[in-house]
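Trainee: Fit chain Y to the known structure of chain E by using the hints.
2 protein chains.
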Amino acid sequence: MTDIRKFKSIYENEQKQIDRILRKSLSKRKPENLYSPAYYIIESGGKRLRPMLVLLSAKAAGGKYSDAYHTGAAVELLHNFTLVHDDIMDNADKRRGRMTLHVKYDSHTAILAGDSLLAVAYENLLKDCNGNSEIIFAAFTKGLVEVCEGQSLDKEYETREVLTLNDYLGMIKKKTAAMLEMCCSLGAVLGNGSPEEVKALSSFGKNIGIAFQVQDDLLDIIADETEFGKTIGGDLVEGKKTFLLVKALEKAKGQDKADLKALVRTKGVKPNQVQKYKKLYEKLGIIKEAQQEIKKYTSRALRSLKVLKNSEDREIFKWLAEILIKRMK
Amino acid sequence: MTDIRKFKSIYENEQKQIDRILRKSLSKRKPENLYSPAYYIIESGGKRLRPMLVLLSAKAAGGKYSDAYHTGAAVELLHNFTLVHDDIMDNADKRRGRMTLHVKYDSHTAILAGDSLLAVAYENLLKDCNGNSEIIFAAFTKGLVEVCEGQSLDKEYETREVLTLNDYLGMIKKKTAAMLEMCCSLGAVLGNGSPEEVKALSSFGKNIGIAFQVQDDLLDIIADETEFGKTIGGDLVEGKKTFLLVKALEKAKGQDKADLKALVRTKGVKPNQVQKYKKLYEKLGIIKEAQQEIKKYTSRALRSLKVLKNSEDREIFKWLAEILIKRMK
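Heads up: the sequence lines are chains E and Y, in that order.
Everything in the first sequence is counted per our numbering, starting at 8 for the first residue and increasing by one.
Everything in the second sequence is counted per our numbering, starting at 8 for the first residue and increasing by one.
Chain E on its own, in the form it takes in the complex (with noise of 0.2 angstroms):
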């Protein structure tokens, strides 16, 4: 079997427990019509990368992928928890191909059902964290805390003219690559790794996160709408401050800068303006430069696995990272 079939078949076999943890925590559980729509958005899949990077952590600071299944159905469900609110106040109508839980519902569903779904991840997260719980809890309530404040930067952001790309890399480490961060570090916890390993997981954790950020904006303008599950140009009719845009304004001049500013001062385009600023961004050289950005952070995250003993391990994480980028294709 070579490598990338034998990675496939432990990420699909792994996915599968998760889900199986996953659907006993919230499928015909009651009240129905609190958890019925909980379980609409944890059906309706999504790659379990989140999960994915605690097991393959925890195996890789020296333990089993077992020893943190529960961990890793909780950090799904803190970020499906993250979609449903999220999604509310996005105005999102889609997701993963079906519609948001607030527009299969309605809105005020979706905030109960956001909520049940983090207090469902606390559960899960007690049944793994075996004499580390004060670390365990430690790390996914920082992660909690951060990726609110992520999303409120985010939503500042829209409406503010001037945004420097420190800016948005602050806001993007909270909101995406903390939460791969935590992922890493908690199953580096449960696997019992050395300070080392900690630091080195989540270090890659963090850097996979903001290369996996920048390429979540780039799809916005660049993917295939049907698999990649959303509106292409979503993220310019919302008039988000994404890589492309911040960079974009950085870079344009005369009356590109001038489209780009009116763009910020409307808070968002027309849908039928998506494919201008599509070509605005070609001619800026952002999609390339947004491809590099992509490329940095994916060199950096893998860089400190090198303190990983088993070369396995690192070979995984590379395949997951390269998986990752692919996306985009």
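There's no promise every hint is true.
A pair counts as met if it fits within one copy or between any two copies, since identical chains are not told apart.
Using 25 angstroms as the maximum straight-line C-alpha spacing, the simulated PhoX-like pairs for lysine-lysine come out as follows [what the hints assert, rightly or not]:
#, residue 1, residue 2
1, K37, K274
2, K149, K35
3, K35, K180
4, K283, K54
5, K134, K149
6, K206, K285
7, K35, K162
8, K134, K206
9, K149, K283
10, K302, K285
11, K111, K37
12, K295, K285
13, K303, K31
14, K101, K54
15, K111, K162
16, K37, K162
17, K180, K258
18, K149, K37
Simulated from the structure, these hints should not be mistaken for laboratory data.
Mentor: Leaving out everything else, chain Y in the frame of chain E:
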């Protein structure tokens, strides 16, 4: 100093400790767009009843108030998280005599501020649980799960035509009583109480919680609006299945029953009909029955405190229970 003056002084002093931690947890914290709305609800006051239950339970179980200060702040933050999200779902416009958070800001801000209140609650919870972290986190998370389930049932019951008193009690046990039970249980564990003490204090919390909710239902109809801080008759306007309505539906006959069923069918009444229903409740003897129910659960709560060694601990709980009941005047 009489006992009552002494108790009042303890309450006021300890309230200040809790307020200090709450202020430290939220005020001047960045991003301001997140924590300033979160602090808005916290600084709007409230009785800090739940933190007091934590502190008094810690003391009654053999510990000190200061063993549980951060946990006291945590339960108040958790409570306010539920208020912020529930107020959105209930379309409530007033809270503690001020605009609700989603009216003062907007519902998207309120969703996220609510989330961060919960995040900061867990942050505080981490700070007291010296060696007991798993029990503390489990009890707190159970409280969170139940309060979400209780709110879901509450919303579901609004549109359900037939509801028994048992359904109602099951709902308020989760929505209100579970949280007061949790407060007493957290405090008792932090005070290093014996299993009997933890059980007795938890039972106090649960039963006083039921009394408290029936009282809250009653206040909606008989309270003074300025003092209550909410619009009188709001539950009737919202069509909420309160103790009063469920009991009235059980007892009423003929035209009275038809009127009550109409209220249920139309999912609430117009504000100018509140007085009519108040008179109907009086005529059916529902106000009196509610008062008896409050007394029943209060007595049950106080009886469970018999196991406490120190009579002053029992007395201060009794005094607190009386304050709760006196709210109606």
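Trainee: Can you tell me if K37 and K274 fall within 25 angstroms by alpha carbon in one copy, between copies, both or neither?
Mentor: between (41 angstroms within a copy, 24 angstroms between copies)
Trainee: Treating 25 angstroms as the Cα threshold, decide for K295 and K285: within, between, both or neither.
Mentor: within (12 angstroms within a copy, 69 angstroms between copies)
Trainee: Classify it for me, K111 with K37: is the Cα-Cα distance of at most 25 angstroms met within a copy, between copies, both or neither?
Mentor: Classified as within: same-chain Cα gap 20 angstroms, cross-chain 34 angstroms, threshold 25 angstroms.
Trainee: Up to 25 angstroms between alpha-carbons, please classify K149 paired with K37: within, between, both or neither.
Mentor: This pair counts as between: shortest inter-copy Cα distance 14 angstroms, intra-copy 30 angstroms.
Trainee: Please sort K180 with K258 into within, between, both or neither, judging by C-alpha distance up to 25 angstroms.
Mentor: Within one copy only: 23 angstroms inside a chain, 59 angstroms across chains, cut-off 25 angstroms.
Trainee: Evaluate K302 and K285 at a C-alpha cut-off of 25 angstroms and name the case that applies: within, between, both or neither.
Mentor: within (21 angstroms within a copy, 68 angstroms between copies)
Trainee: Measure nothing new, just compare the shortest in-copy and cross-copy C-alpha distances for K111 and K162 to 25 angstroms and report within, between, both or neither.
Mentor: both (23 angstroms within a copy, 17 angstroms between copies)
Trainee: For K101 vs K54, is the C-alpha pair at or below 25 angstroms within one copy, between two copies, both, or neither?
Mentor: within (16 angstroms within a copy, 42 angstroms between copies)
Trainee: Is it within, between, both, or neither for K149 and K35, if the alpha carbons may be no more than 25 angstroms apart?
Mentor: between (31 angstroms within a copy, 18 angstroms between copies)
Trainee: At most 25 angstroms between CA atoms: does that hold for K35 and K180 within a copy, between copies, both, or neither?
Mentor: between (36 angstroms within a copy, 21 angstroms between copies)
Trainee: Between the shortest in-copy and the shortest cross-copy C-alpha distance, which are at most 25 angstroms for K149 and K283: within, between, both, or neither?
Mentor: neither (40 angstroms within a copy, 51 angstroms between copies)
Trainee: Give the relationship of K35 and K162 under a CA distance limit of 25 angstroms: within one copy only, between copies only, both, or neither.
Mentor: Between copies only: 19 angstroms across chains, 35 angstroms inside a chain, cut-off 25 angstroms.
In terms of the numbered hints stated before, the structure departs from hints 4, 6, 9, 13, listed from lowest to highest.
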